[in-house]
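A.B. asks: Residue numbers (the numbering used here), protein chains in the order written: chain B, 1 to 737; chain W, 1001 to 1677.
Any given hint might turn out to be false.
Unchecked claim - Pair ranges (Cβ atoms, derived):
1. Val-1157/W / Thr-30/B: 25 to 31 Å
2. Glu-1654/W / Gly-465/B: 40 to 46 Å
3. Ala-466/B / Lys-1568/W: 38 to 44 Å
4. Lys-243/B / Glu-1624/W: 44 to 50 Å
5. Glu-68/B / Asp-1670/W: 39 to 45 Å
6. Phe-118/B / Glu-1654/W: 54 to 60 Å
7. Gly-1159/W / Lys-568/B: 16 to 22 Å
8. Lys-573/B / Gly-1159/W: 56 to 62 Å
9. Glu-1662/W / Lys-243/B: 23 to 29 Å
10. Lys-1568/W / Glu-307/B: 42 to 48 Å
11. Lys-1639/W / Ser-305/B: 25 to 31 Å
12. Lys-573/B / Asn-1233/W: 37 to 43 Å
13. Asp-1670/W / Phe-118/B: 52 to 58 Å
14. Asn-551/B / Pro-1197/W: 36 to 42 Å
To be verified - Straight line, CA to CA, 20 Å or less: simulated DMTMM-like cross-link-like pairs of lysine to aspartate or glutamate:
15. Lys-81/B / Glu-1270/W
16. Lys-1673/W / Asp-148/B
17. Lys-72/B / Asp-1138/W
18. Lys-1643/W / Glu-1621/W
19. Lys-72/B / Glu-1037/W
20. Lys-81/B / Glu-1519/W
21. Lys-1650/W / Glu-1585/W
22. Lys-320/B / Glu-1669/W
23. Lys-581/B / Glu-1669/W
24. Lys-249/B / Glu-315/B
25. Lys-72/B / Glu-1440/W
26. Lys-1051/W / Glu-1037/W
27. Lys-1562/W / Asp-250/B
28. Lys-243/B / Glu-1559/W
29. Lys-320/B / Asp-1670/W
30. Lys-657/B / Asp-240/B
31. Lys-79/B / Glu-1200/W
32. Lys-1236/W / Glu-1270/W
33. Lys-249/B / Glu-1669/W
34. Lys-1673/W / Asp-250/B
35. Lys-1659/W / Glu-298/B
36. Lys-1443/W / Asp-240/B
37. Lys-312/B / Glu-1270/W
38. Lys-249/B / Asp-1670/W
39. Lys-1673/W / Glu-145/B
40. Lys-249/B / Glu-1270/W
By construction, these hints were calculated from the structure, which means they are not laboratory data. Beta carbons: idealized from backbone N, C-alpha and C, even for Gly.
This is what each chain is made of:
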Amino acid sequence: MSRLVAFAAIQGGYNIVSKVEGKYQRALETYNADTKVGFPNTAYYLPVIYSLLGLKVETLEDMKKPLEVARKLLPPHVKGKNHLPYLGPLLDAGMAALFAFEIEEAIRYLEDPDFYLFSEEIDQEAGKIWLGAADDTVFRKRGVEFVDGSAPGFAAIVGAAPDPETAKMIVEEYQRRSLYIFLAANQNGTTVAEQLLQAGVQIGWNTRIVPFGPDISSAIFALGFANRAAMAFGGIKAGDYNKMLHYNKDRIYAFVNALGDVNAEWAAAAAGCVNWGFPTLADTDIPEILPTGICTYEHVVANVSHEEMVQKSVEIRGLKVTISQIDIPCSFGPAYEGERVRGADLHCQMGGGKTQATELVKMAEMNEIEDGKVNVVGPDIKELKEGETLPLGIFVQIAGREFQTDFEPIIERQIHHLINYIQGVMHIGQRDISWIRVSKQAVEKGFTLKDIGVVLHAKFHQDFGAIFDKAEITLYTKQEDVDELTKRARAEYKMRDERVEKMRDEDVEIYYSCTLCQSFAPNHVCTVSPERTGLCGAYNWMDCKASYEINPTGPNQPIEKGECLDPKLGQWKGVNEFVQKASRGAVDHYNFYSMVIDPMTTCGCCECIAAMLPACNGVMTVNRDYTGETPCGMKFTTLAGVMGGGASSPGFVGHSKFNVTQRKFIKGDGGLLRMVWMPKSLKDEIKERLDKRGEELGYPNLYDMIADETVGITEEEILPFLQEKGHPALNMEPLVG
Amino acid sequence: MAVETKAKKVEKAPKVADPIQSSIDPATQEMIKRAQELGIETVFDRAVTMKPCNIGMQGICCKNCAMGPCRLPLPKGGIEGEDTRKGLCGATANTIAARNFARMVAGGAAAHSDHGRCVAEVFLSVARGESHDYKIKDREKLLDLAPHFDVATTVEVDGEVKDRNFDEVAVEVAEKALNEWGRAEGELYNLKRAPAPLYEKWKKQGVCPRNIDREIVEIMHRTHMGVDQDYKNLVKQCSRAAIADGWGGSMLATDLQDIVFGTPYPVQGEANLGVMKEDHVNIIVHGHEPVLSEMIVAMCQKPEIVEYAKSKGAKGIQLSGICCTANEIFQRHGIPYAGTFLQQELAIITGACDAMVVDIQCIFQNLANVAKCFHTKLITTHPIARMEQDNVLHIEFDEHHALEDAERIVRLAIDNYSNRGAEVMIPQHKSVAIGGFSVESIKYHLGGTFRGTYYTLNDNIINGRIRGIAGVVGCNNARTRHNEAHITVVKELIKNDVIVLTTGCNGIACAMEGLLTPEAASVYCGPGLAEVCETVGIPPVLHLGSCVDNSRILLAATEVVKAGGLGKDICDLPAAGSAPEWMSEKAISIGHYFVVSGVYTIFGYHLPVEGAPVFQKYLFEELENMYGGMWDLEADPIKHARKMIAHIDKKRKELGIDKARERVLMSMEDRMKLESA
């Protein structure tokens, strides 16, 4: 009975638009029309309105136009008998409601700036559990997970489950499938977010359970997130609503779960979401819309039992997800990666300054080890009282015909997130400075150290099965064993670091492509060389090599770099040919070592963006965690908006944090000595390597010469500082010839 | 046929028609009876008293020169071996049938295209600001259309791209459009709006029309005594002239009418003689061009005119329509239908018709005889369409004085209200109908402002909820039971999940039967189609307008092709065309342009090709190899519909969508393989 849905949604559309028009009028009476409005730290204005209509809402006055659009979209009411067609009008009414919601939320940010907590995590004690719009930092950080597939999609849950246990069950099922869960709206004052807190579930961006807001209007934040992804990573231009919505339908696997009675406003919101290709599944008896077309499969499905909700949602959206089935007593999956084990929850810990904890992966001979064997040498968690500690050595031995010692650090680096994937267990650090915290809940469920071995064995086989045959894991908890392992490990680390340090672009004939982002940024293709690691910071040349060996048809393909066309700027014939093909003709060449002349493209998930500062004859770079202004006049998020989506943008380049101290970093433009400004946090983060590289370049105090926000955030402010410090960039040849 | 005629001669033919056997429509049945009571003869009675010529029916009578008429009857049971039939000049049955067929195409194409020309002239005068009673109502459509005529909609001023002056665009489009009838070089602009593979086929076959008039003239030349005597070469010219109709004259008529009178969006109206009101002034517009009827509509809504009607003792003015004029004003304004082609005499016989205003095409000369029996003013308005009877008024309609003329006509009708006799009998039958489905409005309703696309339709064809698309169109024919084949074919199609696009008198028949309501979906449709209708809120039969609006079906089919997933050309679509009760030459032209646009097209009743089996085989089978579409014939409406369904199923199989679609669950890897957005 689509007619009833249409009837309700159109009614809802009218209600919502009228209500928001009223709120807008009252706001105009209170504030000047030129009062700034918007969501915090974003370059995308009100993102749904901006992305679909191309309208930039920056002031109260600017809200008028989109509200007029919303009003105009409202179709005639549907008659009971001999009605006119209503699918188009229904979708329009939904869209009108969503535009109105976005304005309503922006008015809320204006009138009640503290309603939402501007944070990735909630502050439960202060009663601040609603996070509101994701700012661009969060959106980029999390967006990358949608890009690389570690988050296959999101479930937008509105309303409340009948009880906290049901809410917990549904949400945890999504977590196990690695989906994000966006929470909005209430059912008679009850919300899923509050239910989850009651059931002891951690919520916040770090556990992928995001409490947007208690009203249905806050559901707009989920769509704003999706549309920003399409703009930032997909290169969809603001205002191109057709491409925008199809991008969402084809690439962003989202859907709505309506828990509880569906009123007219919810119906309007659901109808609006159908424009995106996002279907709605409800646990109540509402009219269904089953035929396909706007969504890939069904549009509205009703009477879904809570037990089936997750499975059915995923199926109806047409999404394939895998659940990690690992034989341990705790839940397991990427959704638990960001979960914390706080002091009050802590049962015991290893490492982190309290004791020594070390991790090492080493290649072994096939006959030396037994696959799947997990040895725990020494006392286990069971024997610990609350608050006690243990030293820990995690020693992984791997054997197989395809395995190479080069892969050891790659496998070893997985230990961090794999242990973090265990619900109730937290892992920090790596190598000989790792730190594991185990919660009371995990111990209650029966977690032991052996389970770490089980997880590592299973996941290594799952993810890297193509390059090895056997893995045996030993967990040492006796001081002398740990000390011995640590000693051995440190020698290994040193050797490895030297090997990687010595690698030069000139030494290899093969570079690797990375098209991991092409699910989101179809025209973007990264090329990774030993001295230019992936701009997302996640992939270096060795990782790509391993990834290729593991999956020869995957996103990392070898590129014969071929004839060198320009050694200074870093351009190769073979790379150009590959890029042209892989970018589907959008880009036909780029330079590895220049940001001034035809720089490499970015999908928008780069860790840092470098920009020219002509007055200082130098460059600056900014990492995405830094939300402040920069001397180039743009924040990170604005910069990313300017150059994301797979376009080559002379004057700007995306790069990883690590790349800053690599020898070839913008070598064609003068190299690291051009660097005149970076945020202090970034400078400190890479200080050690910065000092080392500065010394190589003859400027051991380079760290002190580079300005940061404490010096200034305009070129005028930092130039005297640079002059005073005698920064080398000032005496280099002009940056732009 | 011959056997039947003989048998009836023995029995002595009845003088009048049996109402029940003449129509499936109760209003029509009642009115036939009423006419017979009043001793007024109608087309139904004449169909009983006068039989069609059996040889002419088969297409094998040649009267193109004074050595004839030469009649080449096909022996009972057909011809075995060589067909030695020939006329005095030696023309074979194939040549004669093909020439006759070609002249029907010429007649039909001429009718549509001359109608189109008239609209183009009005449009030009509107664009030039010479005609103040008409305005450009759909500016957006004009701007969408301009590029097809190589008319720029933007100009560069100092390196900046700006919108071009709208009036300038309008005049250039109007001039270029009007030039299509007689352009000296090149080919029609609209051809490139067809799917590229279809255009390539036309190029390859050499059938791209040069201009609209020329192709019609050339048919008349080629079919003159002793010119083209190769049926295949004649059919080639039929194709060229038919394309000049469907993609030329008719399409121009539709597009320009939409620009001047507004592109139809769904409206509600009513249908059948019961829409006439005893206590109202009843004005019926009948014919084809909206140029006149639009003005009458405007006039009837003027308060001072309504007041004038009231001053004459009427409660108001009830305007209604017959034939395609009715379709035009129904789709744009929801003005009700009085009836189909075959009900035109009956509308007067109600005794309540104060004026019937006619323009061109499908107007019975007998209307004048019927009107003579009542107070009804029969008003002809078009310089090319007058009647000899002296009770017919001629008020020539001139677009430069359009409202003035309309006012004169409407006042005349109002003044005539008081002249009614006592014998008013309006049958109390009418149905609600939803119409106004243009290419544009269908697109909107398939997904709204932001997601409107034919892909929604395609997706439901691919997933099997909708089996296919049928265009069911055309006239009524007094040789068949009124509306029976129309309704039977349409119901059989929708029962089998085939969505129907309708125009012309089929549209009116469906309206009268209640098939143009969303509620019809759950009553008559298969479960899949019913579900889609329910989702979109549409009737299972979409009314696309008048007979020139068959061009909308061509463009809708093109949109379906463009939306993807159902092949690359119209002939790949699971679609079929039908005219179950055809009678006019226009229907033959329409049928042929559908065939050469790649559509399997089946006619009811009979086709005047049966007397020349080789020629018939060429149309029914060999054309498919050239264009992907072909002719067919089936009088039995159920078999007729099943043949369409069989063709649709064949196309589904070729597309590989004959099996249930699997639900594909997309992994990240699958998503990475997606084409660039």
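A.B. asks: Work down the list of hints and note, for each, if the structure agrees.
C.D. replies: Against the structure, the hints:
1. Val-1157/W / Thr-30/B: 25 to 31 Å: Because 43 Å falls outside the window, the suggested range is violated.
2. Glu-1654/W / Gly-465/B: 40 to 46 Å: Since Glu-1654/W and Gly-465/B have Cβ atoms about 43 Å apart, the given range 40 to 46 Å holds.
3. Ala-466/B / Lys-1568/W: 38 to 44 Å: holds (40 Å)
4. Lys-243/B / Glu-1624/W: 44 to 50 Å: For Lys-243/B and Glu-1624/W the Cβ distance comes to about 39 Å; the hint is violated.
5. Glu-68/B / Asp-1670/W: 39 to 45 Å: holds (41 Å)
6. Phe-118/B / Glu-1654/W: 54 to 60 Å: This hint holds: roughly 59 Å between Cβ atoms.
7. Gly-1159/W / Lys-568/B: 16 to 22 Å: violated (36 Å)
8. Lys-573/B / Gly-1159/W: 56 to 62 Å: At roughly 37 Å between Cβ atoms, Gly-1159/W and Lys-573/B fall outside 56 to 62 Å, so the hint is violated.
9. Glu-1662/W / Lys-243/B: 23 to 29 Å: Since Glu-1662/W and Lys-243/B have Cβ atoms about 27 Å apart, the given range 23 to 29 Å holds.
10. Lys-1568/W / Glu-307/B: 42 to 48 Å: For Lys-1568/W and Glu-307/B the Cβ distance comes to about 46 Å; the hint holds.
11. Lys-1639/W / Ser-305/B: 25 to 31 Å: violated (48 Å)
12. Lys-573/B / Asn-1233/W: 37 to 43 Å: violated (58 Å)
13. Asp-1670/W / Phe-118/B: 52 to 58 Å: violated (37 Å)
14. Asn-551/B / Pro-1197/W: 36 to 42 Å: holds (39 Å)
15. Lys-81/B / Glu-1270/W: Holds. Lys-81/B to Glu-1270/W sits at ~14 Å (cutoff 20 Å).
16. Lys-1673/W / Asp-148/B: Status holds; Cα separation ~13 Å.
17. Lys-72/B / Asp-1138/W: Satisfied, since the Cα-Cα distance of roughly 18 Å is no more than 20 Å.
18. Lys-1643/W / Glu-1621/W: holds (14 Å)
19. Lys-72/B / Glu-1037/W: violated (56 Å)
20. Lys-81/B / Glu-1519/W: Holds, at about 8 Å.
21. Lys-1650/W / Glu-1585/W: This hinted pair is violated, its Cα atoms lying about 30 Å apart.
22. Lys-320/B / Glu-1669/W: holds (10 Å)
23. Lys-581/B / Glu-1669/W: holds (19 Å)
24. Lys-249/B / Glu-315/B: The given pair, whose Cα atoms are some 14 Å apart, holds under the 20 Å limit.
25. Lys-72/B / Glu-1440/W: holds (18 Å)
26. Lys-1051/W / Glu-1037/W: Violated, at roughly 24 Å.
27. Lys-1562/W / Asp-250/B: holds (18 Å)
28. Lys-243/B / Glu-1559/W: holds (18 Å)
29. Lys-320/B / Asp-1670/W: Distance ~9 Å between Lys-320/B and Asp-1670/W Cα, so the pair holds.
30. Lys-657/B / Asp-240/B: The hint is violated at about 33 Å.
31. Lys-79/B / Glu-1200/W: Roughly 47 Å between the alpha carbons, so the hint for Lys-79/B and Glu-1200/W is violated.
32. Lys-1236/W / Glu-1270/W: violated (42 Å)
33. Lys-249/B / Glu-1669/W: holds (16 Å)
34. Lys-1673/W / Asp-250/B: holds (11 Å)
35. Lys-1659/W / Glu-298/B: holds (19 Å)
36. Lys-1443/W / Asp-240/B: holds (18 Å)
37. Lys-312/B / Glu-1270/W: violated (44 Å)
38. Lys-249/B / Asp-1670/W: holds (14 Å)
39. Lys-1673/W / Glu-145/B: holds (18 Å)
40. Lys-249/B / Glu-1270/W: violated (40 Å)
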